[in-house]
Amino acid sequence: MNNKNILKRKMTLPALAMAGPVSLWMILFVTLPMLYIIYISFMSRGVFGDVVYEFSLESYETLLDATYFKVIVKSIKAALITTGLCLLIGYPFAYYIAKKPKEVASRLIMLIMIPFWTNSLMRLNSWLLLFQTSGPVNKVLLSTGFIDTPMSFVYTDGLVLVGMITTMLPFAVLPMYSSIEKLSNSLLEASADLGASRRTTFFNITLPLTFPGIFSSIILVFIPSLGIYTVTDMLGGGKVLYIGNIIKNQFGAIRNWPLGAALSVLLIVITGLLIFIYTRFANIEDMEVV
Amino acid sequence: MSISKKQKRKKFEDTIGAIYSIAIYTILYIPVVVMMIFSFNNQRYNYYWNGFTTQWYSKLFTNSAVIGSLWYSIVIAVLATVISVAIGTIGALGLKKYEFRGKKFINNMLYIPIIVPEIVMAVALLIIFMKIGLALGMGTILIGHCTFCIPYAVVTIKGRISGDGYSLEEASMDLGANRIQTFLNVTLPSIMPGVMSAAFLSFTLSIDDVVMSNMLAGAKNSTLPVLILSMNKSGVTPDVNALTTIMILVIVLAMILNNLIKYALKKRNKAEATI
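Residue numbers (my numbering), protein chains in the order written: chain A, 1 to 290; chain B, 1001 to 1275.
Honestly, the hints are just simulated from the structure, not real lab data. Incorrect hints may have been included.
[As the list claims (entries may be wrong)] Listed next, the stretches of chain B that the computed footprint assigns to chain A, with coverage defined by at least 3 CB atoms under 8 Å from CB atoms of chain A: (1) 1016-1026; (2) 1080-1090; (3) 1099-1109; (4) 1119-1125; (5) 1140-1147; (6) 1166-1179.
[Unchecked claim] Straight-line distance between alpha carbons at most 30 Å, and here's what the computed DSS-like set of lysine-lysine pairs gives: (7) B:LYS1233 <-> A:LYS182; (8) B:LYS1270 <-> A:LYS102; (9) A:LYS102 <-> B:LYS1104; (10) B:LYS1005 <-> A:LYS99; (11) A:LYS99 <-> B:LYS1266; (12) B:LYS1266 <-> B:LYS1158; (13) A:LYS182 <-> A:LYS102; (14) A:LYS182 <-> B:LYS1005; (15) B:LYS1008 <-> A:LYS102; (16) A:LYS100 <-> B:LYS1158; (17) A:LYS100 <-> B:LYS1011; (18) B:LYS1006 <-> A:LYS99; (19) B:LYS1131 <-> A:LYS100; (20) B:LYS1005 <-> A:LYS102; (21) A:LYS100 <-> B:LYS1233; (22) A:LYS102 <-> B:LYS1262; (23) B:LYS1233 <-> A:LYS74; (24) A:LYS102 <-> B:LYS1006; (25) B:LYS1233 <-> A:LYS70.
[Claimed, not checked] Derived, one-sided and incomplete: chain B residues facing chain A with beta-carbon distance under 7 Å: (26) VAL1032; (27) MET1036; (28) PHE1038; (29) TYR1048; (30) GLY1094; (31) ILE1115; (32) VAL1116; (33) ILE1128; (34) ILE1132; (35) ILE1150; (36) ASN1232.
In this text, all values refer to a predicted model and were calculated from it rather than measured experimentally. Even glycine gets a Cβ: it sits at the ideal position worked out from N, Cα and C.
Sequences and hints are given; from them, build the entire structure.
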């Protein structure tokens, strides 16, 4: 036996002991369930809500039904609006923090995180309390004479949007912050010295160089927004439904697993597509997920 | 442009930036403050402001449903943290140090629970558990939580492993320490900050989780977030507000204490260094 083989054998046991558990966990609880849900999406639903193990495209055809298709379009639209607004609101905010001295910036980032250690559902519930028919917002509007009768904010798309944005904003701010923070000032100064206006500098230097951060934000906001059901449950009162709610219902009262699986596959495909585009111009390990 | 004009402009921009940021912080903190205010609301279900009371704080510990679900959440979060950090720590080291077939595949798999919407992971696990006939309950919730905590732990810890650690490990083994001694005395201390932040992250992710806990729970017990979600039709009761208020205060206090200790240690080290 040559040296290399001895070395290899010596390394196999520790490698197995260390990388083994995590690999096994990922295969058992990520790979297998993912493959199985794709498989189930091609089965059909039995009369009693059971799964009939025969190949069919029934579930995917159902997705094209007007009722489901509307929900899919509405969810995608809501996720796009949430993402767009989070980027627009978050970028100047991230920029402001990134330009502060490091000590101050880390405090300011901390200040963003603290509210997020409060249970997210309780924070959503607060918006509901504020905007109730008899809540403070309506009282103020009534007393100032802006309106004569209380407005109904609750269970509307608008309030759901408020919930979505306030839930997602930090996930937009953090990646953009770290990419703006990495941007060197000398580049901006050089651009200014060479006579570029601040606008030109922003669109030709700042924006392109911070684009990886922006794209991370897009992924970290858009994908969760697409699957979220807690915001719609808390603020939509069952009247506003997104893909997440529909999936959840298929595995609950409605019991149509293949349809729920097909919707899940749709989300997997959209996620995969975005990640594929992301890896074209950035490294996935730089995605600032934590 | 003259210097003073430039300075004036910079000052103006700073002011605008400060006002803008304060506005955003206000929006982020409004829900927390409202949540706290309504913990003093004199009403059975929080609906509108009905007068001040502190009764929910005193009654809190007699409400077995709320306190029970809090304990359930804490037990699951602690177990999920321990399992995830253990598997995540040795996993991160193993994935960084060794080359083996399928390593790239595992690395990619780690990103799935982080990126794919949680509801998809939850229902995928649910149908697998149903298929193999695993009864839903604490065990299934725990598997669900670990499935998203482990990847976060691996990613966090991997970022802290530096390449030059290996020579230290070799030195330790050359000096006669075995693998386990080397791991405990050399490797682990060097990645401790990463391990700690992985633990913190796992705990907060687990205790705040709704989706996995909701989909993978049995009929008997529910975690605190799932209990809150189930209350949303009738209105969340103010004692939950009281409990959440206590929880956030404890977290913030713990953080301040942690920073103070760090600051004191830093100062002492500096003082010792100058001596």
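Now the hints, each set against the structure:
Counting residues of the segment 1016-1026 of chain B whose CB lies closer than 8 Å to any CB of chain A gives 6, so the stated coverage by that chain holds, three being the minimum. Counting residues of the segment 1080-1090 of chain B whose C-beta sits closer than 8 Å to any C-beta of chain A gives 3, which meets the bar of three, so the coverage hint holds. Counting residues of the segment 1099-1109 of chain B whose beta carbon lies closer than 8 Å to any beta carbon of chain A gives 5, which meets the minimum of three for the stated coverage. With a threshold of 8 Å between beta carbons, the proposed coverage of the segment 1119-1125 of chain B by chain A holds, since 6 of its residues qualify and at least three are required.
Figure legend: the segment 1140-1147 of chain B, annotated as covered by chain A; annotation consistent (3 residues with Cβ-Cβ distances under 8 Å, at least 3 required). With 1 residues having a Cβ less than 8 Å from any Cβ of chain A, the segment 1166-1179 of chain B misses the three-residue criterion, and the hint is violated. Between LYS1233 of chain B and LYS182 of chain A the CA atoms are separated by roughly 46 Å; this puts the pair beyond 30 Å, and the hint is violated. This hinted pair checks out: LYS1270 of chain B and LYS102 of chain A have alpha carbons roughly 21 Å apart, not beyond 30 Å.
In summary, the hint linking LYS102 of chain A to LYS1104 of chain B is not supported, as the alpha carbons are separated by about 35 Å, beyond the 30 Å threshold. Distance check on the hinted pair: LYS1005 of chain B and LYS99 of chain A sit about 20 Å apart at the alpha-carbon level, within 30 Å; holds. Distance hint between LYS99 of chain A and LYS1266 of chain B is fulfilled; the C-alpha atoms sit about 26 Å from each other, no more than 30 Å. Under the criterion of a C-alpha separation no larger than 30 Å, the hint pairing LYS1266 of chain B with LYS1158 of chain B is consistent with the structure, at around 26 Å.
Simply put, LYS182 of chain A and LYS102 of chain A have alpha-carbon atoms about 12 Å apart, close enough for the 30 Å limit, and the pair holds. Simply put, LYS182 of chain A and LYS1005 of chain B have alpha-carbon atoms about 28 Å apart, close enough for the 30 Å limit, and the pair holds. Restraint check for LYS1008 of chain B and LYS102 of chain A: the C-alpha separation of about 24 Å stays at or below 30 Å, so the hint holds. Distance restraint check for LYS100 of chain A and LYS1158 of chain B: the Cα-Cα separation of roughly 29 Å lies within the 30 Å cut-off, and the hinted pair is therefore satisfied.
Under the criterion of a C-alpha separation no larger than 30 Å, the hint pairing LYS100 of chain A with LYS1011 of chain B is consistent with the structure, at around 14 Å. At roughly 17 Å between alpha-carbon atoms, LYS1006 of chain B and LYS99 of chain A fall within 30 Å of each other, so this suggested pair holds. At roughly 54 Å between alpha-carbon atoms, LYS1131 of chain B and LYS100 of chain A are farther apart than 30 Å, so this suggested pair is violated. Only pairs whose Cα atoms come within 30 Å are accepted, and LYS1005 of chain B paired with LYS102 of chain A is accepted, the gap being roughly 27 Å.
Restraint check for LYS100 of chain A and LYS1233 of chain B: the C-alpha separation of about 44 Å exceeds 30 Å, so the hint is violated. The suggested pairing of LYS102 of chain A with LYS1262 of chain B holds, with an alpha-carbon distance near 18 Å, which does not exceed 30 Å. At most 30 Å may separate the alpha-carbon atoms for a hinted pair to count; LYS1233 of chain B and LYS74 of chain A meet this at roughly 23 Å. In summary, the hint linking LYS102 of chain A to LYS1006 of chain B is supported, as the alpha carbons are separated by about 24 Å, within the 30 Å threshold.
Distance restraint check for LYS1233 of chain B and LYS70 of chain A: the Cα-Cα separation of roughly 25 Å lies within the 30 Å cut-off, and the hinted pair is therefore satisfied. Checking VAL1032 of chain B against chain A: minimum C-beta separation of about 5 Å stays under 7 Å; hint holds. Annotation: interface hint on MET1036 of chain B violated; nearest CB of chain A at approximately 9 Å, more than 7 Å. At a threshold of 7 Å, the smallest CB-CB gap from PHE1038 of chain B to chain A is about 6 Å, leaving the interface hint in force.
Evaluation of the TYR1048 of chain B hint against chain A yields a held restraint, the C-beta minimum of about 4 Å falling below 7 Å. Proximity of GLY1094 of chain B to chain A holds as hinted, the smallest CB-CB distance being about 3 Å (cut-off 7 Å). With a cut of 7 Å, the hint placing ILE1115 of chain B at the interface with chain A holds, because the nearest CB-to-CB distance is about 6 Å. The interface hint given for VAL1116 of chain B is met, as the beta carbon of that residue sits about 5 Å from the closest beta carbon of chain A, less than 7 Å.
The beta carbon of ILE1128 of chain B comes within 5 Å of a beta carbon in chain A, closer than 7 Å, and the hint placing it at the interface holds. Violation of the interface hint for ILE1132 of chain B is found here, the shortest Cβ-Cβ separation to chain A being roughly 10 Å, above the 7 Å cut-off. For ILE1150 of chain B, the suggested interface contact is upheld, since its CB lies about 6 Å from the closest CB of chain A, less than 7 Å. A hinted interface residue such as ASN1232 of chain B counts as satisfied when its beta carbon comes closer than 7 Å to some beta carbon of chain A; here the least separation is about 5 Å, so the hint holds.
Of the hints listed earlier, those the structure fails to meet are numbers 6, 7, 9, 19, 21, 27 and 34, in rising order.
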